[in-house]
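Each protein sequence line maps, in turn, to chains A and B.
Position 199 of the first sequence, counting from 1, maps to 199 under the UniProt record's numbering, and the rest follow consecutively.
Position 301 of the second sequence, counting from 1, maps to 301 under the UniProt record's numbering, and the rest follow consecutively.
Because identical chains share one entry, a pair is satisfied inside a single copy or across any pair of copies.
Calculated lysine-lysine pairs in the DSBU-like style (CA-CA distance at most 35 Å, straight line):
1. K256 with K200
2. K6 with K26
3. K26 with K300
4. K306 with K236
5. K306 with K74
6. K26 with K207
7. K26 with K306
8. K200 with K26
9. K236 with K207
10. K6 with K74
11. K236 with K300
12. K306 with K200
13. K236 with K256
14. K26 with K74
15. K235 with K207
16. K256 with K207
17. K139 with K235
If you are wondering where the hints come from, they were derived from the structure by calculation, not from laboratory data.
There are 2 protein chains.
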Amino acid sequence: MLEFDKAPTYQSILEAAQTLEGIVRKTPLLESHALNTEIGARLFLKCETMQHTGSFKFRGAYNTLRRLSSAQQKGGVFAYSSGNHAQGIALSAQMLGIQATILMPEDTPQIKMDNTRGYGAEVITYDRYSESREEIGSKIADENGLTLVKPYDNHFVISGQGTTGIEIAEQLAEQDVTADICVCPAGGGGLIAGTSLALKELSPSTKVYSAEPEYFDDTKVSLECGTRVANTGGKKSICDAIVTPMPGEITFPVNKETLSGGLMVTDDEVRSAIREAFHHFKCVIEPGGAVAFAALLTGKIDISGKTVVAVASGGNIDPDLYREILAG
Amino acid sequence: MLEFDKAPTYQSILEAAQTLEGIVRKTPLLESHALNTEIGARLFLKCETMQHTGSFKFRGAYNTLRRLSSAQQKGGVFAYSSGNHAQGIALSAQMLGIQATILMPEDTPQIKMDNTRGYGAEVITYDRYSESREEIGSKIADENGLTLVKPYDNHFVISGQGTTGIEIAEQLAEQDVTADICVCPAGGGGLIAGTSLALKELSPSTKVYSAEPEYFDDTKVSLECGTRVANTGGKKSICDAIVTPMPGEITFPVNKETLSGGLMVTDDEVRSAIREAFHHFKCVIEPGGAVAFAALLTGKIDISGKTVVAVASGGNIDPDLYREILAG
Numbered sequence: 001m002l003e004f005d006k007a008p009t010y011q012s013i014l015e016a017a018q019t020l021e022g023i024v025r026k027t028p029l030l031e032s033h034a035l036n037t038e039i040g041a042r043l044f045l046k047c048e049t050m051q052h053t054g055s056f057k058f059r060g061a062y063n064t065l066r067r068l069s070s071a072q073q074k075g076g077v078f079a080y081s082s083g084n085h086a087q088g089i090a091l092s093a094q095m096l097g098i099q100a101t102i103l104m105p106e107d108t109p110q111i112k113m114d115n116t117r118g119y120g121a122e123v124i125t126y127d128r129y130s131e132s133r134e135e136i137g138s139k140i141a142d143e144n145g146l147t148l149v150k151p152y153d154n155h156f157v158i159s160g161q162g163t164t165g166i167e168i169a170e171q172l173a174e175q176d177v178t179a180d181i182c183v184c185p186a187g188g189g190g191l192i193a194g195t196s197l198a199l200k201e202l203s204p205s206t207k208v209y210s211a212e213p214e215y216f217d218d219t220k221v222s223l224e225c226g227t228r229v230a231n232t233g234g235k236k237s238i239c240d241a242i243v244t245p246m247p248g249e250i251t252f253p254v255n256k257e258t259l260s261g262g263l264m265v266t267d268d269e270v271r272s273a274i275r276e277a278f279h280h281f282k283c284v285i286e287p288g289g290a291v292a293f294a295a296l297l298t299g300k301i302d303i304s305g306k307t308v309v310a311v312a313s314g315g316n317i318d319p320d321l322y323r324e325i326l327a328g
Numbered sequence: 001m002l003e004f005d006k007a008p009t010y011q012s013i014l015e016a017a018q019t020l021e022g023i024v025r026k027t028p029l030l031e032s033h034a035l036n037t038e039i040g041a042r043l044f045l046k047c048e049t050m051q052h053t054g055s056f057k058f059r060g061a062y063n064t065l066r067r068l069s070s071a072q073q074k075g076g077v078f079a080y081s082s083g084n085h086a087q088g089i090a091l092s093a094q095m096l097g098i099q100a101t102i103l104m105p106e107d108t109p110q111i112k113m114d115n116t117r118g119y120g121a122e123v124i125t126y127d128r129y130s131e132s133r134e135e136i137g138s139k140i141a142d143e144n145g146l147t148l149v150k151p152y153d154n155h156f157v158i159s160g161q162g163t164t165g166i167e168i169a170e171q172l173a174e175q176d177v178t179a180d181i182c183v184c185p186a187g188g189g190g191l192i193a194g195t196s197l198a199l200k201e202l203s204p205s206t207k208v209y210s211a212e213p214e215y216f217d218d219t220k221v222s223l224e225c226g227t228r229v230a231n232t233g234g235k236k237s238i239c240d241a242i243v244t245p246m247p248g249e250i251t252f253p254v255n256k257e258t259l260s261g262g263l264m265v266t267d268d269e270v271r272s273a274i275r276e277a278f279h280h281f282k283c284v285i286e287p288g289g290a291v292a293f294a295a296l297l298t299g300k301i302d303i304s305g306k307t308v309v310a311v312a313s314g315g316n317i318d319p320d321l322y323r324e325i326l327a328g
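If we strip away everything but chain A, and leave its shape as in the complex, we get (with noise of 0.2 Å):
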């Protein structure tokens, strides 16, 4: 059996990164002339909007699947997801041949469970708000001998996701350009623990933030008191890709060493940011996928003259929301 629990390295995440080596999208580090003049800043959007699936979760997905032992590949997998590591895994099970069910909130965007559906898996529900997921999630798992795939407090799904941040550090060398700042969405931590450790190795003067939703800053407080912290909880948030309840357990320790701190935004900035992007990259952002765009936007860290890197995590927002946002 693998060891899902290790920490993630750096040496990890390069073993993803041959593992997804012509199966993930390299997806494009952009840069708009007009945004730049206009923030006084070099600002890159690294678009894992345009990841399979529509976001970066499909790097740690595969990573992960393509590692199961044969036994475990027959015997399917499972996973509880918000809707994105959902649409990430059920691709790759579907790639891999594996059966997939997963365990969704009910009030997961429909665009998020449809794609579920249509790569194969079998979607079950539950009330994200009043019961907890870990636990049917174990349940499930258990009575039918699947192998649960945790969204991010899993070894080899960081070390995926970990590819990312050794894109943005290609990317950015081939333009012979260092970043000061690197943001990067946090919900449960493991996009932004795989990227800061890769650029931690490949571009240790970027200082790497997270971003989240405002009531969500569970890593941003976390990191201020050394020691994980869960959300007061009983409040709601547009970005429901990241509204975790609290840092990972395996995630926490490392973001602890490699971040330089956390920012949080409101819902209306995250609306702001969308539009943005709208405007000067023509990349539909998800709310959640936003956060770091918007953070860097409204001036939660001073940016001014300095080469900065928003990760883009999603893009999975129903058209209706979307068109809410647009319109201002």
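Following the hints, complete the assembly by docking chain B onto the known chain A.
Below, chain B without anything else, positioned relative to chain A:
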């Protein structure tokens, strides 16, 4: 003085590629597993929507302006454009320190007019349904000693656009894929002339087709007649970027040689294609930029089991129209 009126060749496209190296963005060639399953073909979308200024036009504009004599550069440049060539010229001029004056239809989408002014160009407007931009344009250029850079009937412009074709061939080759079919939007025919010339050299088995909106299918009709035929006029289309009156003088002789035929789509088919690009590629396409993708999605040509490329030529669409289109 430069000879703008020569016929473009594969060699002139290679020279353009050298000039544009490190300047243009190598735009992504995207593929969606879900969409491929849906249509029973392997479809790649070449996202020139993500080129600087949001359309391919930057390629030809920069290639031309970079080659002007220093006297021509000092004298300033002039262009008429429905909006995308305007932005390409404006940004290129700004980057090269040249003053640009642009004549645009008064019903140009606001986003295109704002962006053009944002790049520092002076904008003059006219009524596209009653006035001739060619006549007004020549007059203004002559009176002010400006160098007129036409949107497609210019050797360097077409050669610059042709670098899109080089990229498509290279990006497909990286994946060991050969396209059976490539469909490309056609207004005056500059993009498709350059792209088809490049593909003819680099991927001779790929058949290239033009795509145009209903009532503005002058390239299709001209190809069928073997000679340049104008649209009958009196009609409108949401595809503002490509509602040109007839094929270009320099572009058509190229397209007559290189193209396998012309395809035509309705505005409703374009709207549907824009929604599909939002859904599958998280990519914002403007109406004129979506005609090739629309032609493939609606079976204007048999793509069953084939590998096909649609060029998405631009993404400059006003948010209100985009919202209306997303509403379905």
